Structures are given as C-alpha cells and as structure tokens.
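Residue 21 in the working numbering is what sits at position 21 of the sequence shown, and the numbering runs on without skipping anything.
Just so you know, these hints were derived from the structure itself, not from any lab.
Watch out, some of these pointers could steer you wrong.
Simulated restraints on C-beta separations [as the list claims (entries may be wrong)]: (1) A70 <-> L44: 16 to 24 Å; (2) K60 <-> D8: 12 to 20 Å; (3) V38 <-> K60: 29 to 37 Å; (4) R41 <-> A70: 39 to 47 Å; (5) A11 <-> L72: 33 to 41 Å; (6) H75 <-> R27: 52 to 60 Å; (7) L44 <-> E64: 29 to 37 Å; (8) G73 <-> R27: 50 to 58 Å; (9) R52 <-> G24: 39 to 47 Å; (10) K45 <-> L72: 52 to 60 Å; (11) Y25 <-> Y78: 53 to 61 Å; (12) A57 <-> V18: 15 to 23 Å.
These figures come from a predicted structure and were not determined experimentally.
We put the CB at the ideal spot given by N, CA and C, even for glycine.
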Amino acid sequence: MKIILARDVDALGHKGDVVTVADGYARNFLVPKGLALVASRGALKQAEQMRRAREEAVHKAKQEAVAKVALLGSHPVYISARSGEGGKLFGSVTKNDIARAV
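All chains, please: the whole structure from these sequences, using the hints.
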C-alpha cells in the first residue's frame with residue numbers, strides 16, 4: 001500500500017515522503033497513530049508541497065551555515081586563559097568560552 005508519511009518515521013522516511021508498506025502495517029499502525037495518510041490524489045499533491053517546503057528549509061539552512069562559516073573563517077578568535085611556565089593552561093577552554101569569544 002502506498003502511504004504518505006505525516007511525520008518522520010524511523011526506518012521509513014521523512015515527513016512528506018511517499019513510501020510503500022504492507023497493508024496491515026499501514027492500516028493497523030501508521031494511519032491510526034497519525035504517522036501516515038493513504039496516498040490519494042489530493043494527499044499526493046499535499047505531500048509534494050510538504051517535500052518542497054522541507055527542501056527549501058534545508059537549502060536556506062545550508063546557505064545560512066555557509067555564510068556563517070565564511071564570516072567566522074575570515075576573523076581570528078582570541079581567547080585569554082591563565083597558563084603556567086612552558087605555556088600549559090591551568091584549566092581548559094570550554095565551548096562556552098569559545099561561544100562568548102565569537
């Protein structure tokens with residue numbers, strides 16, 4: 001049976017994906033729990049819209065990440081910490097220290 005996933009389902013796919021599963025699995029588990037819809041013509045159009053929206057969101061997130069990498073890569077970050085003789089730190093530099101410095 002062809003179904004459209006209404007939510008991300010482990011081992012099947014992501015929201016909006018059209019997948020084929022056993023009839024009993026669809027009727028007895030996925031559809032009653034709201035995890036999937038039966039693939040009708042209208043539902044397939046809706047699935048295509050969900051897929052496009054997901055792809056646009058992923059594309060936008062990638063663009064933002066690339067822009068942030070370019071910005072951070074062009075500026076050095078300096079973190080001051082106490083150290084002993086030989087340059088060994090007394091503590092450690094944590095991710096919070098790095099986040100504050102950025």
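Checklist line | Verdict for H75, R27 (Cβ pair) under range 52 to 60 Å | finding: holds (57 Å)
Margin query: Taking 39 to 47 Å as the stated bounds, is the beta-carbon spacing between R41 and A70 within them?
Written below: At roughly 44 Å between Cβ atoms, A70 and R41 fall inside 39 to 47 Å, so the hint holds.
Next item on the list: Starting from the range 29 to 37 Å, see whether the pair L44 and E64 falls in it by beta-carbon distance.
Entry: holds (31 Å)
Checklist line | Verdict for Y25, Y78 (Cβ pair) under range 53 to 61 Å | finding: holds (57 Å)
Checklist line | Range hint compliance [Cβ, A11 to L72, 33 to 41 Å] | finding: holds (36 Å)
Note to self: Taking 12 to 20 Å as the stated bounds, is the beta-carbon spacing between K60 and D8 within them?
What the structure shows: holds (19 Å)
Next item on the list: Return holds or violated for the Cβ distance of R52 and G24 against the range 39 to 47 Å.
Entry: violated (31 Å)
Note to self: Holds or violated: the 52 to 60 Å window for the beta-carbon distance between K45 and L72?
What the structure shows: violated (41 Å)
Next item on the list: For the range 16 to 24 Å, tell me whether the beta carbons of A70 and L44 fit it or not.
Entry: Between A70 and L44, where Cβ atoms are some 39 Å apart, the hint is violated.
Margin query: Please check whether G73 and R27 have a Cβ separation lying inside 50 to 58 Å.
Written below: holds (52 Å)
Notebook entry, point to check: So the hint says 15 to 23 Å: do the beta-carbon atoms of A57 and V18 match that?
Noted result: Distance hint for A57, V18 holds at roughly 19 Å.
Margin query: If I claimed the Cβ atoms of V38 and K60 lie 29 to 37 Å apart, would that claim hold in this structure?
Written below: holds (31 Å)
Violated hints, in rising order: 1, 9 and 10; the structure is consistent with all others.
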